[in-house]
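A.B. asks: Please model the entire structure based on the sequences and the hints provided.
According to my numbering, the sequence shown is numbered sequentially starting from 1.
Since the hints were made in silico from the structure, they are not lab data.
Glycine is no exception: its CB is placed at the ideal position from the N, C-alpha and C atoms.
Incorrect hints may have been included.
No farther apart than 30 Å at their CA atoms in a straight line, the calculated lysine-lysine pairs in the BS3-like style are these [claimed, not checked]:
(1) 128 - 98
(2) 165 - 178
(3) 29 - 53
(4) 10 - 183
(5) 174 - 98
(6) 183 - 29
(7) 62 - 16
(8) 57 - 178
(9) 10 - 128
(10) 128 - 57
(11) 57 - 29
(12) 183 - 57
(13) 62 - 10
(14) 128 - 16
(15) 174 - 128
(16) 94 - 128
(17) 165 - 183
(18) 128 - 183
(19) 16 - 57
(20) 10 - 178
(21) 174 - 10
(22) 98 - 165
(23) 29 - 128
(24) 183 - 62
(25) 128 - 53
(26) 178 - 62
(27) 29 - 178
(28) 53 - 10
(29) 29 - 174
(30) 128 - 178
(31) 16 - 53
(32) 53 - 178
(33) 29 - 16
(34) 174 - 62
(35) 178 - 94
Pair by pair, the computed Cβ-Cβ distance ranges are [what the hints assert, rightly or not]:
(36) 81 - 55: 16 to 26 Å
(37) 136 - 20: 33 to 43 Å
(38) 181 - 72: 21 to 31 Å
(39) 124 - 86: 11 to 21 Å
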Amino acid sequence: MANVLRILFKQDSYLKQEPIQSSQLPDNKRQMVPAGTLLVLRYYGQESGNHIKLGLKDIAFKGFSGDWYAFEDHVAIMMDSIQPVETVSNVVSKQEDKTAFNIPIYQNTLVNQPVLLNLFFNQDTVIKRAPIQSNMLNEASKQEIPAGTELVIVTDQPNADNTIKFTVEENHVKFSLKDLEFKGFSEDWYAFAGHVGIQGMG
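C.D. replies: Structure (structure tokens):
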């Protein structure tokens with residue numbers, strides 16, 4: 001697979017529309033990005049003041065798709081090949097229950113703390129507000145996501161078997177994002193189960 005230019009967030013940090021302290025910017029000019037997120041870039045360059053200037057491929061935050069800035073100590077720029085992960089649909093095909101994607105959790109989780117997982121995009125796709133064909137949805141209800149993107153998703157506590165269940169509807173997996181918003185929403189997104197995989201972080 002061809003190499004892809006990406007930005008890794010090493011810790012929770014902001015993407016900003018100006019290379020200044022995030023606290024000096026209004027919410028509509030900054031986007032919190034959780035640690036562990038990998039976003040695909042169109043370009044990047046060094047900016048004065050310890051910031052990296054970058055352009056995201058296909059993705060817009062806060063309705064803005066121009067130049068963003070990231071504090072360089074919080075991120076790493078990577079140029080590497082995408083390592084596909086097992087898809088949700090492949091895992092579900094081996095289960096009796098086809099209405100849920102079950103993932104075992106091996107780490108100790110704190111009681112009443114949400115569990116964080118990575119959602120891997122093996123190919124270019126569209127996340128949607130409903131589990132239907134993307135061409136049936138308006139632009140406010142869908143977001144293009146390029147291959148190589150890894151988003152952090154948040155889930156409830158595992159059940160007694162240390163398993164987390166994700167709803168699968170019409171061959172789409174339902175998920176909620178940690179901190180990120182697309183089109184004003186972080187919860188109740190769907191991705192085609194054949195295009196994505198879900199794994200523990202780390």
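A.B. asks: If a hint holds in the structure, say so; if it doesn't, say that too.
C.D. replies: For each hint, the structure was consulted:
Taking the CA atoms of residue 128 and residue 98, the gap is near 20 Å; set against the 30 Å cutoff, the hint holds. Restraint check for residue 165 and residue 178: the C-alpha separation of about 17 Å stays at or below 30 Å, so the hint holds. For the suggested pair residue 29 and residue 53, the alpha carbons sit about 14 Å apart, so the restraint of at most 30 Å is met. Restraint check for residue 10 and residue 183: satisfied, since their Cα atoms lie roughly 25 Å apart, inside the 30 Å limit.
About 13 Å separates the Cα atoms of residue 174 and residue 98, which keeps this hinted pair within 30 Å; it holds. A C-alpha spacing of about 14 Å is found between residue 183 and residue 29, which places the hinted pair at or below 30 Å, so the restraint holds. Straight-line distance between C-alpha atoms of residue 62 and residue 16 comes to about 11 Å, which keeps the hinted pair within the 30 Å bound. Of the pairs offered as hints, the one joining residue 57 and residue 178 holds, with about 20 Å between alpha carbons and a cut-off of 30 Å not exceeded.
With a CA separation close to 27 Å, the supplied pair residue 10 and residue 128 stays within the 30 Å bound. Taken as a hint, the residue 128 and residue 57 pair is honoured in the structure, with Cα atoms around 18 Å apart against an allowance of 30 Å. Between residue 57 and residue 29 the CA atoms are separated by roughly 18 Å; this keeps the pair inside 30 Å, and the hint holds. Restraint check: the Cα-Cα separation between residue 183 and residue 57 comes to about 16 Å, which is no more than 30 Å; the hinted pair holds.
The straight-line distance between the Cα atoms of residue 62 and residue 10 is roughly 22 Å, inside the 30 Å bound, and the hint therefore holds. For the proposed pair residue 128 and residue 16, the alpha carbon gap of about 25 Å is at most 30 Å, so the pair holds. Proposed proximity of residue 174 and residue 128 is supported: the alpha carbons are some 9 Å apart, at most 30 Å. Only pairs whose Cα atoms come within 30 Å are accepted, and residue 94 paired with residue 128 is accepted, the gap being roughly 25 Å.
Proposed proximity of residue 165 and residue 183 is supported: the alpha carbons are some 25 Å apart, at most 30 Å. At most 30 Å may separate the alpha-carbon atoms for a hinted pair to count; residue 128 and residue 183 meet this at roughly 10 Å. With a C-alpha separation of about 16 Å, the suggested pairing of residue 16 with residue 57 holds against the 30 Å cut-off. Between residue 10 and residue 178 the CA atoms are separated by roughly 15 Å; this keeps the pair inside 30 Å, and the hint holds.
Taking the CA atoms of residue 174 and residue 10, the gap is near 26 Å; set against the 30 Å cutoff, the hint holds. The straight-line distance between the Cα atoms of residue 98 and residue 165 is roughly 11 Å, inside the 30 Å bound, and the hint therefore holds. Our distance criterion of 30 Å between C-alpha atoms is met by residue 29 and residue 128, whose separation comes to about 24 Å. Of the supplied pair hints, the one linking residue 183 and residue 62 holds, its CA atoms being roughly 7 Å apart against a limit of 30 Å.
The suggested pairing of residue 128 with residue 53 holds, with an alpha-carbon distance near 28 Å, which does not exceed 30 Å. With a C-alpha separation of about 16 Å, the suggested pair residue 178 and residue 62 falls inside the 30 Å cut-off, and the hint holds. This hinted pair checks out: residue 29 and residue 178 have alpha carbons roughly 18 Å apart, not beyond 30 Å. Distance check on the hinted pair: residue 53 and residue 10 sit about 17 Å apart at the alpha-carbon level, within 30 Å; holds.
At most 30 Å may separate the alpha-carbon atoms for a hinted pair to count; residue 29 and residue 174 meet this at roughly 28 Å. This hinted pair checks out: residue 128 and residue 178 have alpha carbons roughly 16 Å apart, not beyond 30 Å. Simply put, residue 16 and residue 53 have alpha-carbon atoms about 9 Å apart, close enough for the 30 Å limit, and the pair holds. With a C-alpha separation of about 23 Å, the suggested pair residue 53 and residue 178 falls inside the 30 Å cut-off, and the hint holds.
Under the criterion of a C-alpha separation no larger than 30 Å, the hint pairing residue 29 with residue 16 is consistent with the structure, at around 6 Å. The suggested pairing of residue 174 with residue 62 holds, with an alpha-carbon distance near 22 Å, which does not exceed 30 Å. For the suggested pair residue 178 and residue 94, the alpha carbons sit about 28 Å apart, so the restraint of at most 30 Å is met. Checked against the given bound of 16 to 26 Å, the beta carbons of residue 81 and residue 55, roughly 21 Å apart, stay inside it.
A beta carbon spacing of about 41 Å between residue 136 and residue 20 agrees with the range 33 to 43 Å that was offered as a hint. In this structure, residue 181 and residue 72 meet the distance hint of 21 to 31 Å, their C-beta atoms being roughly 24 Å apart. The beta-carbon spacing between residue 124 and residue 86, approximately 18 Å, falls within the hinted interval of 11 to 21 Å.
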